[in-house]
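Just need the whole structure built from these sequences, with the hints factored in.
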Amino acid sequence: DQQVKQNSPSLSVQEGRISILNCDYTNSMFDYFLWYKKYPAEGPTFLISISSIKDKNEDGRFTVFLNKSAKHLSLHIVPSQPGDSAVYFCAARGNTNAGKSTFGDGTTLTVKP
Amino acid sequence: ETGVTQTPRHLVMGMTNKKSLKCEQHLGHNAMYWYKQSAKKPLELMFVYNFKEQTENNSVPSRFSPECPNSSHLFLHLHTLQPEDSALYLCASSPGLAMLSTDTQYFGPGTRLTVL
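Chains as they are written, first to last, in the numbering used here: chain U, 1 to 113; chain F, 1 to 116.
Among the hints, erroneous ones may be present.
Dumping the calculated DSBU-like pairs for lysine-lysine here, alpha-carbon to alpha-carbon at most 35 Å [said to hold, decoys possible]: (1) Lys112(U) x Lys36(F); (2) Lys22(F) x Lys5(U); (3) Lys68(U) x Lys41(F); (4) Lys5(U) x Lys19(F); (5) Lys68(U) x Lys56(U); (6) Lys5(U) x Lys41(F); (7) Lys36(F) x Lys18(F); (8) Lys36(F) x Lys56(U); (9) Lys100(U) x Lys41(F).
Quick list of the computed label-pair ranges, beta carbon to beta carbon [claimed, not checked]: (10) Arg63(F) x Asp59(U): 39 to 45 Å; (11) Lys41(F) x Asn57(U): 23 to 29 Å; (12) Asn27(U) x Gly14(F): 37 to 43 Å; (13) Val12(F) x Val78(U): 41 to 47 Å.
No lab work stands behind these hints: they were computed from the structure. Treat the numbers as computed from the prediction; the structure is a model and nothing was measured. Glycine included, C-beta positions come from ideal geometry on N, C-alpha and C.
Here it is, written out as structure tokens:
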């Protein structure tokens with residue numbers, strides 16, 4: 001059973017518009033959530049995270065929202081830029097899992113100029 | 001060189017070959033990880049090392065044998081692999097085991113492995 005799901009394998013948006021990437025999880029023990037970004041031929045790089053004690057975390061153009069009751073988080077990118085085109089992975093972990101983040105399948109974002 | 005490096009970047013091997021993947025981190029981290037990413041599947045954690053000691057083996061077949069001689073280096077020894085083992089193998093490191101802290105993992109570029 002996949003505990004972290006990204007149901008949209010791909011997303012295409014116009015430059016300057018908002019990109020919204022979604023992630024759902026099933027394990028209520030998860031208390032820390034991360035988004036990673038991956039370009040081709042590179043490893044994932046950390047983008048932004050949120051603790052379960054918060055419902056929003058913002059860093060520049062990137063904002064992550066957490067809805068614990070719905071076990072749902074989303075990443076908003078605004079305004080979207082062509083350089084944001086990449087695969088975005090959602091990850092989650094609980095404090096009982098030593099270093100173990102559970103990853104989603106990833107969503108490929110394409111930002112069109 | 002900085003960050004997490006992996007060699008080779010690409011590897012093609014037969015099922016009877018023995019090869020090794022190498023990972024090196026230049027970040028002073030204490031924890032290192034091996035992940036497998038198969039096509040259209042999420043990243044799967046394989047092994048976790050903390051201060052050179054293996055803390056997790058996620059039910060990985062014995063044809064994959066990790067080695068961590070020190071906190072900066074991590075190897076994955078491969079022997080008698082199967083075609084379904086073809087995947088991207090990613091190494092990562094973090095300052096600690098990232099249990100209660102906000103430590104994030106830093107990933108290498110990966111080794112694209114093809115087993116014929």
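CB-CB spacing for Val78(U) and Val12(F) relative to the 41 to 47 Å hint = holds (42 Å)
key: 35 Å limit on alpha-carbon distance, applied to hinted pair Lys112(U) and Lys36(F)   = Cα-Cα ~30 Å, so holds.
task = Take the C-alpha atoms of Lys36(F) and Lys56(U), compute the straight-line distance between them, and say whether it is at most 35 Å.
result = Roughly 31 Å separates the two Cα atoms, so the pair holds.
request  = Below or equal to 35 Å on CA atoms is what counts here, so check Lys36(F) against Lys18(F).
outcome  = The hint holds at about 18 Å.
inquiry  = Run the distance test for Lys68(U) versus Lys56(U): straight-line Cα separation, threshold 35 Å.
reply    = holds (11 Å)
query = Can the restraint linking Lys100(U) and Lys41(F) be considered satisfied, given a maximum Cα separation of 35 Å?
reply = holds (17 Å)
message = Just to be sure I understand the hint, the distance between the Cβ atoms of Arg63(F) and Asp59(U) should be within 39 to 45 Å; is that true here?
response = holds (41 Å)
ask   = Can the restraint linking Lys22(F) and Lys5(U) be considered satisfied, given a maximum Cα separation of 35 Å?
value = holds (30 Å)
task = Quickly compare the C-alpha distance for Lys5(U) and Lys19(F) to 35 Å and report which way the hint goes.
result = Roughly 33 Å separates the two Cα atoms, so the pair holds.
request  = Below or equal to 35 Å on CA atoms is what counts here, so check Lys68(U) against Lys41(F).
outcome  = Answer holds: Lys68(U) to Lys41(F) is near 25 Å, not above 35 Å.
query = Do the beta carbons of Lys41(F) and Asn57(U) sit within 23 to 29 Å of each other?
reply = holds (28 Å)
35 Å limit on alpha-carbon distance, applied to hinted pair Lys5(U) and Lys41(F) = holds (11 Å)
Of the numbered hints listed earlier, not one is contradicted by the structure.
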